[in-house]
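Visitor: Sequence:
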Amino acid sequence: MRLFWDRGYDGTSFDDLIAAMGISASSFYHAFGSKEALYQEAIDAYIKVAGGWFFAALNEETDTRTTFGHLLAAAAAEFTRDDLPAGCMIAVAATQCAPTQARLRDLLASQRTQSEDAMADRLRRGMAAGDLPADTDIEALAAFYGSLLRGMAVQARDGASRERLLEIARIGMQAWPAAQPHPHDS
1 MRLFWDRGYD GTSFDDLIAA MGISASSFYH AFGSKEALYQ EAIDAYIKVA
51 GGWFFAALNE ETDTRTTFGH LLAAAAAEFT RDDLPAGCMI AVAATQCAPT
101 QARLRDLLAS QRTQSEDAMA DRLRRGMAAG DLPADTDIEA LAAFYGSLLR
151 GMAVQARDGA SRERLLEIAR IGMQAWPAAQ PHPHDS
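Residue numbers (the UniProt record's numbering): 1 to 186.
Because the hints were derived from the structure by calculation, they are not lab data.
Heads up, the beta-carbon is just placed ideally off N, CA and C, and yes, glycines get one too.
Among the hints, a few may not be true.
[Unchecked claim] Computed beta-carbon distance windows for the label pairs:
#1 Glu167 <-> Asp135: 26 to 34 angstroms
#2 Ala178 <-> Glu61: 18 to 26 angstroms
#3 Gly130 <-> Gln174: 16 to 24 angstroms
#4 Glu163 <-> Ile23: 34 to 42 angstroms
#5 Gly33 <-> Ala109: 21 to 29 angstroms
#6 Arg157 <-> Glu60: 22 to 30 angstroms
#7 Phe14 <-> Asp83: 21 to 29 angstroms
#8 Glu139 <-> Tyr29: 17 to 25 angstroms
#9 Glu60 <-> Asp16: 32 to 40 angstroms
#10 Pro177 <-> Gly52: 44 to 52 angstroms
#11 Ser110 <-> Ile23: 27 to 35 angstroms
Could you build the full structure based on these sequences and the hints that come with them?
Guide: In structure tokens, the structure reads:
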């Protein structure tokens, strides 16, 4: 998982994989079948790791704005850990690939969509609780925060510090929809 996360699918050779795992080529093929099959297992393993902090932040028992602020702060921390490759394996993976790897591209695009869907679900719960204006475009807001998270992941890959990512998150929270005053309130 770490090798694919750090180097990507194309940047990780078969020789890199068998060396990292300390196994022979025949053992590799017997255990995994193919590099693509192992990559899919690595994606699943990553989702268990990243899914933990992502869903823990999304499902906090706080108001929706606080939840999203905590989600962005958690991302800043996770994307800049010293013990793992920088960024997010899903955010930066397989956005460009050979036509023969369309299955991997589609798998990762689907994972990114699932994260956005989870954010949209949390936003809907927030709207039902009165945390968001009734006219909020939930899908667009989820896409905005999904894009912000992916951008933070790319920034981390490029060497941005945790403090820099937290500043990006702070600015991103300024886009939070405000309740529109009613005409009779003025």
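Visitor: Now look at each hint and say whether the structure bears it out.
Guide: Going through the hints against the structure:
Between Glu167 and Asp135 the beta carbon distance is about 29 angstroms. The supplied range of 26 to 34 angstroms therefore holds. For Ala178 paired with Glu61, a C-beta distance near 23 angstroms keeps the hint of 18 to 26 angstroms intact. Between Gly130 and Gln174 the beta carbons are some 21 angstroms apart, a value that agrees with the proposed interval 16 to 24 angstroms. Range check, Glu163 to Ile23: Cβ separation about 41 angstroms, and the 34 to 42 angstroms hint holds.
Take Gly33 and Ala109: their Cβ atoms lie about 23 angstroms apart, and the range 21 to 29 angstroms holds. Checked against the hint of 22 to 30 angstroms, the C-beta distance between Arg157 and Glu60 comes to roughly 27 angstroms, which is consistent with it. The hinted range of 21 to 29 angstroms is satisfied by Phe14 and Asp83, whose Cβ atoms lie roughly 26 angstroms apart. For Glu139 and Tyr29, the Cβ-Cβ distance of about 43 angstroms falls outside the hinted range of 17 to 25 angstroms, so the restraint is violated.
Between Glu60 and Asp16, the C-beta spacing of about 39 angstroms keeps the proposed range 32 to 40 angstroms intact. For Pro177 and Gly52, the Cβ-Cβ distance of about 28 angstroms falls outside the hinted range of 44 to 52 angstroms, so the restraint is violated. Ser110 and Ile23 have their C-beta atoms about 30 angstroms apart, which keeps the hinted 27 to 35 angstroms range intact.
Hint compliance for this structure: hints 8, 10 are broken, all remaining hints hold.
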